[in-house]
Amino acid sequence: MSFIRRKSRNDGVAILEFTIVSTVLLLLLFAIIEIGRFMFSLQVLNELTRRAARLATVCYVIDNTTLNAGSFGSTYDVPIDLDTLTLSIEYLNDNGTVISNPSSDANFGSIRYVKAEITGFTYTFSTLSSLFGTLSNLDAFQTTLPAESLGKYRPYYKNGTEVTDTTALTLNCS
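In this text, residue positions in the sequence shown follow our numbering: the first is 1080, and each later residue adds one.
Hints listed in this document are in silico derivations from the structure and should not be mistaken for laboratory results.
Certain hints may be false.
[What the hints assert, rightly or not] Taking lysine to any residue pairs in the SDA-like style, the calculated list, with each CA pair at most 20 Å apart, reads:
| id | residue 1 | residue 2 |
| --- | --- | --- |
| 1 | K1194 | S1182 |
| 2 | K1194 | S1167 |
| 3 | K1194 | A1226 |
| 4 | K1194 | K1237 |
| 5 | K1194 | S1183 |
[Unchecked claim] For each label pair, taking beta carbons as the anchor points, the in silico distance ranges come out as:
| id | residue 1 | residue 2 | range |
| --- | --- | --- | --- |
| 6 | E1126 | S1179 | 24 to 32 Å |
| 7 | R1130 | T1176 | 20 to 28 Å |
| 8 | A1110 | G1188 | 48 to 56 Å |
| 9 | S1183 | L1106 | 56 to 64 Å |
| 10 | F1097 | N1125 | 35 to 43 Å |
| 11 | N1125 | V1092 | 44 to 52 Å |
Glycine included, each C-beta is placed from N, C-alpha and C at the ideal position.
Generate the whole structure from the sequences, applying the supplied hints.
This is how it looks when you write it as structure tokens:
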């Protein structure tokens, strides 16, 4: 009887199995984390359009309808660059058509809805870029809310005197 261990063909198989299984599990783990970051980015953009639309429904008509999305989302720690996005505010009538000059007295009374939309969003998957690549042209981020206090002027004071001229009742959000 020999107690000398014979070299078998199965030496190293456990290391090989561990390498294959751990590679697949780590790849799956990083894919789940990256997809979670992507979904978080989508949720942040939806929240930005909701905030912008809500602000536009209760505040005075904004003259410049193209804003910087970074100013609305500066409180978030997001994996995307908000400064590259364009946030546009549109004022709509009963039929849903865009009102061309919403701050004028003639068109101000016909505002029924406010639409906030973000354009220019692209997302590059950082961890698994070779598998997922870059997603672009995801311009479906918009929120439409009914206008609330746009037709009812609250007292507005500028330098201690009440402003009654409706053209002076604008909010500069830039």
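Here is what the structure says about each hint:
| no. | hint | in the structure |
| --- | --- | --- |
| 1 | K1194 to S1182 | holds (15 Å) |
| 2 | K1194 to S1167 | holds (8 Å) |
| 3 | K1194 to A1226 | holds (10 Å) |
| 4 | K1194 to K1237 | violated (28 Å) |
| 5 | K1194 to S1183 | holds (18 Å) |
| 6 | E1126 to S1179: 24 to 32 Å | holds (29 Å) |
| 7 | R1130 to T1176: 20 to 28 Å | holds (24 Å) |
| 8 | A1110 to G1188: 48 to 56 Å | holds (53 Å) |
| 9 | S1183 to L1106: 56 to 64 Å | holds (58 Å) |
| 10 | F1097 to N1125: 35 to 43 Å | holds (42 Å) |
| 11 | N1125 to V1092: 44 to 52 Å | holds (50 Å) |
In terms of the numbered hints stated before, the structure departs from hint 4 and from no other.
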